[in-house]
Structure formats: structure tokens, C-alpha cells
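J.: Quick mapping for you: the protein sequence lines, in order, are chains Y and C.
In terms of our numbering, the first sequence opens at residue 1 and continues consecutively.
In terms of our numbering, the second sequence opens at residue 1 and continues consecutively.
Hints are computed from structural coordinates only; laboratory data are not their basis.
Accuracy of the hints is not assured; some may be wrong.
It does not matter which identical chain is meant; a pair holds if it fits inside one copy or across any two.
[Unchecked claim] Listed below are the simulated SDA-like cross-link pairs for lysine to any residue, each with C-alpha atoms no more than 20 Å apart in a straight line:
| hint | residue 1 | residue 2 |
| --- | --- | --- |
| 1 | Lys41 | Trp225 |
| 2 | Lys173 | Ile400 |
| 3 | Lys335 | Ser54 |
| 4 | Lys23 | Gln337 |
All of these numbers come straight from a predicted model, not from anything done at the bench.
Number of protein chains: 2
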Amino acid sequence: MNQWGLTCSRCSARLPFRYQNMKCDCGGTLLVDYDLELVAKTLTKASLHERYPSMWRYQELLPVHDPANIISLGEGWTPLLRMPKWESKLSLRRLWVKREEQNPTGSFKSRGFSVAVSLLREAGATKAAVPSNGNAAGALAAYAGRAGIEAFVFIPMDCPSLIVDECPLYGAKTILVDGFIHDAAAIIESGRGEQGWVNVGTLKEPGRVEGKKTMGFELAEQLGWTFPDVIIYPTGGGSGIIGMWKAYLELKELGLIDCEMPKFVCVQEEGCQPIVDGVHQSSQPTRAGEDDSLLLAASSTIPNPTGMRVPNPPDLPLLLAIVEQSGGTALAVSKVQIAEAMRCLGTEGISSSPEGAATWAAMLQLCTDGWLKPSDSVVLFNTSHAMKYAKLGTSAAIPIIRTYDDFVMYRSL
Amino acid sequence: MNQWGLTCSRCSARLPFRYQNMKCDCGGTLLVDYDLELVAKTLTKASLHERYPSMWRYQELLPVHDPANIISLGEGWTPLLRMPKWESKLSLRRLWVKREEQNPTGSFKSRGFSVAVSLLREAGATKAAVPSNGNAAGALAAYAGRAGIEAFVFIPMDCPSLIVDECPLYGAKTILVDGFIHDAAAIIESGRGEQGWVNVGTLKEPGRVEGKKTMGFELAEQLGWTFPDVIIYPTGGGSGIIGMWKAYLELKELGLIDCEMPKFVCVQEEGCQPIVDGVHQSSQPTRAGEDDSLLLAASSTIPNPTGMRVPNPPDLPLLLAIVEQSGGTALAVSKVQIAEAMRCLGTEGISSSPEGAATWAAMLQLCTDGWLKPSDSVVLFNTSHAMKYAKLGTSAAIPIIRTYDDFVMYRSL
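Extracted from the complex, chain Y is given alone in its bound form (with noise of 0.2 Å):
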């Protein structure tokens, strides 16, 4: 069996694994870590020939024992799509879209909270919670509900309602929170003891970093074992990018790969963009002690409620450090270039989110910034389906007919 341990990303303090409590004594961030000599022994490029491909195919670094406690519902090994028009057009080497919203929750948090609810049942716990702007809580819904243990999903009001939805139809007790993600980790944080919840929030528990690392191991293995130039990702807490830079440091470690690592962007929507700011002020104190509020009314623009909206990370120093490390960078797109972006993604048959369509916003951004050079290659996360951020009645404008002469008549219009 494999053996893992917990270590400190900011002081390289090294502690015995726990299921809770990821906070270092620094204030750092707490990822497990394992005994990669031991995994290189199972875990070979020849090995994974070998397996189903599924999230799970990397098991030895996913750190549940007992591979009975998998709660699995589907997730991982999707698509990469390449975009050969678009190559050429904005004179990309290449450019590929991971499309995550094919994922069993119908998007990429599924991945976590496969890893996140197998350890709740590992652990024996029987009652978990999640604030989340709303695919979070969709996805703990779901596998909560597989596991057997009752989920309570804690949403911002303004999110869209087909995704707050979904949580009860998993049977997750939904409530919504008239406030930001961060008003609703709090009621979490207040009746933890009480209630008895295990808080599985972003970085709260060693889980869903893990589970969102295997993105990382899919685009490397999907790639033929290299790594793109850059990868274009949509930030909110941050805990997809830690977990593929975590992804990419171990398979070098483990010797399965032997390139540069991929720069790492980070997108936001204008007007919540943390990240984006402590980028490029990284001379000024980052943000991360302030006020939460401050950081969302210090904008005009109110942000829509995306995956994106999370104003105060809980390890922004940890996103800044991966990002210029990686020689990356961060900007902020607007909702007009989103809503552009989700129709050109539709009419290549993609079905994006409002993240995944800021990804494509920020890509052609970069290309006309010359950031992004001809001879980079680029791989962009859809992280969810255009569908659940659908407001009905749209379709009110489309025409309605009973004949094929109703069809010529409305034509000639």
C-alpha cells in the first residue's frame, strides 16, 4: 500500500496525513505528498497503457487506501479537442480545448469531489457541506448522494437557478445565502461543530486538489507525455491550478515527463479579479488580509455569479508564486468579451460556460496582446456546459410556424 503525508507548499513543513485542516501553522497551504520512489514502481507510462481511462487510472497518487471507498460516478478522461481553423487564423502552433463539462456533474468539479467524498467515506464521516457558487455544489450533491452521506450546499442567491437545482435532485439539502461564496463558507465555518458538517470548501480538505491534479496527468499523458507552452485556465479559488502544477511537478519527479513546465493564466471577470491584481501589483501586498467586501465594491462592475467570482482566495500568495514561476500571467475579460466568446465557441459545437468562454476570451486577448507567440502551443479548460447558466425565455424570439409555406413567408421577411 501506498504511504502519504502532508506537506507544507509554503514553509516545507511535513506532517502526517489528515482528512481536515489544511491550513499550516504558517498560514501555508497543507498538499499531500507521497512516496513517489514507491509509485514509480506501479505507475509506469506502461502501466497506464493498461488501464480504463478514468480519473482513477492514477490511483497510487490519489491518496485513498482502500480502493472499495471510490466513489466514482464516470468522471475524467475527456475529450481534448483541437481547433485547426482557429490555429491558423490567430497563428497559434496549437490550440486545444479540454472540454470538463462532459464530466458525470456536467462539469470539471466533479474530478474533486470524486477524491474529496471517497475520503469522506474513508474517514467515516456521514454529514458534509460546501459554499460554492454552484458546480461545487452540484458535484458534492452528487457524489454524497452516491456514498450515502447527506450533503448541505450553502449557494449565493444570484447563481443560476438550473444549477442550484441540481442540488436537491441529489438529494443535497440546498440553501441559498443572501451574500459572495465567502458569506457562505462563513455560516459553514459557524455551525461546523454544531451541526456536525465536514467542511469540503476550497482547500479545506486534501481531496479536490488532488482530484483536479488529474486534469493536469490527462493533458500531459493526452499530449503524449509533453506539456503544452500554456495553459489558459478560469480562477476562483485556484485549487484546478495548484492541483496541475502540483500534477506536473510529480510526474517530473517521477521521471514520466522531461519538458518546461506550462505557463499558467489565470482568468477572471472584471471586477472580481484577486489574482489578476496581485499579479500585476505584485510589488504592493497582495490582497489576501483584507476585507472581503472591499475587494468586490472597490469595482464598478458588478461580476456575474460564475465559478470565477471568488473574491478573497483562501491561498492567493500560493496562486501568484505557481503563476510567475511558471512565467504565466492573469487578466481580466469582460462580460461583453465572454458573451462573444460563448457564441464563437458555439458555432465550433462547443457548449461553454461563462468560465470556459473567458478562457477563449482571454486567448484571443493574448493573441492580439502578442503574448501569446506562433509558436506556442495552448490548451483552454471549458469547465462547464453553456446550459446551466441558461436564462429561459430566450427563445421567445424564435419563430413559430405550421407549414413549409409559414417557413418560405418568414424567410422572405
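Use these hints to put chain C onto chain Y, whose structure you have.
T.: Quick look at chain C alone, frame taken from chain Y:
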């Protein structure tokens, strides 16, 4: 290069391959036949083991000549989820759900349209039209968008508005029809010549059945080159049933599998059940020739606008023959049974369409009736996401809170 032609499923006449008009002079449906001796040279268990997990791994059995014409968005190789809790609860040897909602357009329709649109490209077509209760429209829209082909989709006006809204997102010309799917089909037939549309309706062209066939291949391969005892499938036009039945004949003839054919069970919703009526009244003449409107008017229940609501399947005798030859059956389930099944699948972490839920309801019914035996292995198909059919406003009943004290108060009410 592989060669293929067409064979009539009724009179066995053989014709050269063509891209349109799948009706034989005898009234039967023309299906693609392959030179299986040639196919067997390259399509082997060993060669499949080396191939990418996508439905295009079965390329020798899909009628596209030039791989450059393949329009792929990442379809196929969907997860097959085992339901161990329910196996013991219901005394079934094995129970699986094939998660077709994880396809690129959020439904099983991706498969058929990946092949159909590839054939449009191979044939040089520039405009295509489809009558659809929704998911086929979205799939044509997406694949045609990717291929640069103009799509016209005709959808009954009572279909779920999210499904309708997807189509313009993908860039399709979207038209609502004041009528049923056969009224939409009639409009396309009327305008086909004038507008230059290729009609890609069910059994109008060879690609959709061939694409759906890959569900059968995958099932066999994912089950270690065996068949399940029973396949329960939500049936409207029936191209999925025809496709899987064809897949199994091909696998047997290729020598890739050597066991009994699975029993095919068609599920419909009460109120629109031509296949169910046909199976249970097989001594009477089939209803294929009757006036369409009578088929619905005869019932006191108005069925939901789902993919199962096809009053007049294009080749009912073929469907009835498959069900009968396989030793299967057909049954209709009620709106109430479907709604209960959606909730039940939800608490198992599966977001199911009404059509997918109908297979669960049918499975429960067949257990109760004793038609399913404890020795049976059973596969259900979840064809699409629950959310595509969602009605907004249901979240109105979800409580809104500001603090943990609000939560405690709300729980104590």
C-alpha cells in the same frame, strides 16, 4: 480502403452505397453493409486495445472514406456505471447505467450526428435539416457548426426551451413547429428541393444508425466482449435499437463475440406508444400506415415532449422484428413513474433525462412483473441530462438565509 454498400433489412436486396434515400422499393430500410472479411483484418481485439477511447475507434465499421472528413467533438466511450446497491435490492445479477449524457452535446444524439455530418461533408452538402424533439436538433446544430454546414432545425413548440435555446447557440437556424415531430418532418420534405436541405431525419440517411451502433460496440467491449442479458432503451424513432442490433450482428460475424444476443426492451411513455402497442398486438396489422394524429388522439394522456414521443416511427416493422427476435419486450411507463425514477437516479448521483429515467422505471416494473430474473445482467441507457428538461422557478421553494442563526431557525421550523 474499406468498401461498403446497402442491404435492405426487409427484402435483403443489395444496392450501392448512397448518402440519401434509405427506403428500399419494398418499403424496408436500407442499412450499410461492410466487407467484414476485409474489416476483420484490421479491427481486432488487439488493435482496439491500442486505440483511443472514442467511438471512432470502430472506424472500419463507420462509412466515412476519408478520415479528414470526420467531424468529431469528443463523442463516445461514455462511462458504464454499475449500481451495486440496487443489484442486491432488486436481486439482479448485474445492473449498469450507460451515461450517454456525457457526450459532447449532452445527449446520445452526438454519436449519430458525428457520423451523419461527416457523411454530409464527404458528400459535399452545404445545408441540412432535421425534425426533432430537441436533442437531435442540438446535435445537428453542434456538428454542422463545427463542419461549417448550415443547419435548419424544426422542433415542436412544446419542447423544453433549454434544448431549443441550444440550437441558435450552435449557430443553427431554429424554427418551432405548431405540431408534432412528423409535422416538422413534413415541412422539411416540402421544402427540401427548393431549399437544398439534406434531410437528416431518422432513417433518412445512413449515418445516424451507424453512429448509434457504436453504443452496442462499446457496451460489448466495456463488458469484456460479452453481451448483457437485457438492454432497456427509451425508444422514439428507434435508430438506437436498430443500430445496436446491427452492431451485435456485425460483432458476431466478425467473430469478436460468441454469445446469445441481448434481449431488447423498448420503453415509451404512456399516450404515445406505437412500439408497445405493436409488440403486444402483433397479431393485428401494425399501425405504420395509419394516420399519425390518430395514434396520439387515441390516448387520454398527453405524453411529455421527449425523444420517446414519436407517433409514427419510420420503420415500425423492423423495430418489432428486432424486439421479437431478441426475446425482448416493450412497455409504456407513466409520467409519475418517470418523475419518481428521476428522483431515484438523482440520489444515486445521476442526472437523468425523462427518457433515461423511463428505463429505470421500466426496469423496476419488469422486476415487479417477474419478467427480469435474478440471473439477468441489465443495461439501462441514460440518454441525456436532467437539466435540459428543467423548468425554472422550482428553486423558489429553497430557503434564503444570511447567517448560521437563520439556518438554525429554518431547520427548527
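J.: Classify it for me, Lys173 with Ile400: is the Cα-Cα distance of at most 20 Å met within a copy, between copies, both or neither?
T.: Close across copies (12 Å), not inside one copy (40 Å); limit 20 Å.
J.: Since the copies are identical, ignore which copy is meant and state whether Lys23 and Gln337 lie within 20 Å (CA to CA) inside a copy, between copies, both or neither.
T.: neither (36 Å within a copy, 48 Å between copies)
J.: If the cut is 20 Å between Cα atoms, do Lys41 and Trp225 qualify within a copy, between copies, both or neither?
T.: within (18 Å within a copy, 30 Å between copies)
J.: Go through the copies and call it for Lys335 and Ser54: within, between, both or neither, with a Cα cutoff of 20 Å.
T.: neither (34 Å within a copy, 35 Å between copies)
Hints 3, 4 from the list above are not met by this structure, while the remaining hints are.
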